[in-house]
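> Here is how the chains run, residue by residue.
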Amino acid sequence: MIFLYFDPGLGAMIIQAVIAAVAGFVLFSKNLMYKIKLFLGISKPIKDDVFDDIEIKDSDIENQNSSER
Amino acid sequence: MNAKNAHSSSFRDPSGYVFVDNGDIKRVINPIYFKQYKALTDSGFYKTLFENNLLIPHTELTNTEQNIIIKAEKIPFITYPYEWSFNMYKEAALLTLKLQKYSLEKGFSLKDASAFNITFHNGKAIFIDTLSFDFYQENSPWRAYKQFITHFFCPLLLARYHGAQQLKLLSNFIDGIPLKIVSSMLPFKTKLSPVLYSNIHLLAKLEDKHNEDYKGEAKEATLSKKGQLNIIQSLYDYIKNLDLKEHSEWGNYYDKTNYTDDAFIKKSDIINTWVNTVKPDRLIDIGGNDGTFVRKLDSAIETALVCDIDNNAVDFNHRTTKLNKEHFMLPFVLDVLNPSAAIGLNNTERDSFLNRIKAFAPDVTLALAVIHHMSLSGNVPFSESAKFFSSFSKYLIIEFPKREDSWVQRLLNNKADFKDHFDFYNVDNFISDYSEIFEIVEQKEIEGSNRVIFLLKTKAS
Numbered sequence: 632m633i634f635l636y637f638d639p640g641l642g643a644m645i646i647q648a649v650i651a652a653v654a655g656f657v658l659f660s661k662n663l664m665y666k667i668k669l670f671l672g673i674s675k676p677i678k679d680d681v682f683d684d685i686e687i688k689d690s691d692i693e694n695q696n697s698s699e700r
Numbered sequence: 528m529n530a531k532n533a534h535s536s537s538f539r540d541p542s543g544y545v546f547v548d549n550g551d552i553k554r555v556i557n558p559i560y561f562k563q564y565k566a567l568t569d570s571g572f573y574k575t576l577f578e579n580n581l582l583i584p585h586t587e588l589t590n591t592e593q594n595i596i597i598k599a600e601k602i603p604f605i606t607y608p609y610e611w612s613f614n615m616y617k618e619a620a621l622l623t624l625k626l627q628k629y630s631l632e633k634g635f636s637l638k639d640a641s642a643f644n645i646t647f648h649n650g651k652a653i654f655i656d657t658l659s660f661d662f663y664q665e666n667s668p669w670r671a672y673k674q675f676i677t678h679f680f681c682p683l684l685l686a687r688y689h690g691a692q693q694l695k696l697l698s699n700f701i702d703g704i705p706l707k708i709v710s711s712m713l714p715f716k717t718k719l720s721p722v723l724y725s726n727i728h729l730l731a732k733l734e735d736k737h738n739e740d741y742k743g744e745a746k747e748a749t750l751s752k753k754g755q756l757n758i759i760q761s762l763y764d765y766i767k768n769l770d771l772k773e774h775s776e777w778g779n780y781y782d783k784t785n786y787t788d789d790a791f792i793k794k795s796d797i798i799n800t801w802v803n804t805v806k807p808d809r810l811i812d813i814g815g816n817d818g819t820f821v822r823k824l825d826s827a828i829e830t831a832l833v834c835d836i837d838n839n840a841v842d843f844n845h846r847t848t849k850l851n852k853e854h855f856m857l858p859f860v861l862d863v864l865n866p867s868a869a870i871g872l873n874n875t876e877r878d879s880f881l882n883r884i885k886a887f888a889p890d891v892t893l894a895l896a897v898i899h900h901m902s903l904s905g906n907v908p909f910s911e912s913a914k915f916f917s918s919f920s921k922y923l924i925i926e927f928p929k930r931e932d933s934w935v936q937r938l939l940n941n942k943a944d945f946k947d948h949f950d951f952y953n954v955d956n957f958i959s960d961y962s963e964i965f966e967i968v969e970q971k972e973i974e975g976s977n978r979v980i981f982l983l984k985t986k987a988s
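Residue numbers (my numbering), protein chains in the order written: chain V, 632 to 700; chain B, 528 to 988.
It is possible that part of the hints are untrue.
[Said to hold, decoys possible] Lysine-lysine pairs mimicking DSS-like chemistry, simulated, CA-CA at most 27 Å apart: (1) V:Lys678 to B:Lys767; (2) B:Lys806 to V:Lys675; (3) B:Lys565 to V:Lys675; (4) B:Lys986 to B:Lys806; (5) B:Lys772 to V:Lys661; (6) V:Lys688 to B:Lys986.
Note that these hints are calculated values from the structure, not bench results. Quick caveat: nothing in here was measured; it's all calculated off a predicted structure.
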């Protein structure tokens, strides 16, 4: 059983399949464009110092933040 | 069902509630959540999140048939979503998506995606709603999706297209900014973006339609796990690339000030010396801009709150704390003339800034180059600003720009006909009004500038 304590919105439930399809398409085409540009040498791999990527690493060794001031 | 001493914000989730016990933050877990709690603990899910500093760590205190009680690590100062700068808000949004993705991969899912599930601690955004994780039901859509959109995506987009001040709307729209409003406010070109069209405009249309047509029928909707992960990834990528377009009057503040380099260094030295005598564990810098002066302090400070009215300055500070990997500094946005009020149920659900800062009890408050703005732009008499500062801090280091100072002159000239009203603004009146409430421990002129800096201590009442 799922316990909810707020109204998720009927429209939001129904439409997620559509949004997912759009998302899939966007991700595919962005990825493709990025790979093509990398291959052609137009884009360099982007490194963001402030925001990291979406993955959470299971291994704890890699994630000890170096500490304070 | 809830104990009488449950925290005033902890009443919605039947899985459990939070209460404060002698300053400790404890959580009671009810039997309906036992299965989830056990799975999250035994599988190492909680453990991984603790190790990655993504979820507030807890320890189990008692475990009986009636309930399980856990104790969470204490966070010295909670900031609410309407006090975050744009990039802090971004970080909170990305954290939520990150956690949902990880949850899905491990067979769980977030029950809710409220912005109040997150706060800032030790230099990063951290999730604090330990009981928000539930089992993933195969092929079900994400129940919290709409809440994510209204709590996170909508405010970020409004800020992107209409300025960071839009984030202040959140203190009124306590459960997220309604889709219809955001859809109507975003420029037409956003309808041409697939991500924005589907997640905002189309969603708003459908929500509208189904609100009217609701006949009490349940509709079963399905969404594959891969589909859900696609939504999450596309939102993550989009939000990660979101940026504000504006500059502000304050942005590169230190380039525009009237300090000579010498005066700047002298001011810094004086503050440093005084802070070293007070030896604070906790301090707050009001109007602290990008945190420059707090970073110059030698004294090892456990928690330094640095607030400013300007989003860009706070953003810059946030960025610096991330690049330097600092843990002690907490930047946030605050208008000292209108600090966050207590809101929500019974107006106790989300605490006012003043209550939180009193509970935080900073050892020293810095108010550098802010009194002239309060007095001249804000028309606040010295006696009132003195009362304000003394209400939460024992020591106050305050910088007073004299009438001759160029910033003060600029502010006075802006008053035109009304200028004479501000004849009270001079250092003698300042001293006499503040001396009613504070004892002047030390007072120094900053050479090379038209400013005087004071170390004040609240008089015992």
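> What's the verdict on lysine 772 (chain B) and lysine 661 (chain V), does the C-alpha distance respect the 27 Å limit or exceed it?
This hinted pair holds, its Cα atoms lying about 23 Å apart.
> Hey, lysine 986 (chain B) versus lysine 806 (chain B), does the alpha-carbon distance stay inside 27 Å?
It holds: about 19 Å lies between the C-alpha atoms, which stays within 27 Å.
> Could you grab the alpha-carbon distance between lysine 806 (chain B) and lysine 675 (chain V) and see if it respects the 27 Å cut-off?
violated, 48 Å
> Could you grab the alpha-carbon distance between lysine 565 (chain B) and lysine 675 (chain V) and see if it respects the 27 Å cut-off?
violated, 45 Å
> Keeping to a limit of 27 Å between CA atoms, is the pair of lysine 688 (chain V) and lysine 986 (chain B) held or broken?
Given pair lysine 688 (chain V), lysine 986 (chain B) is violated - Cα atoms ~53 Å apart, limit 27 Å.
> Is the Cα-Cα distance between lysine 678 (chain V) and lysine 767 (chain B) 27 Å or less?
Roughly 12 Å separates the two Cα atoms, so the pair holds.
In this structure, the hints that do not hold are numbers 2, 3, 6, in rising order.
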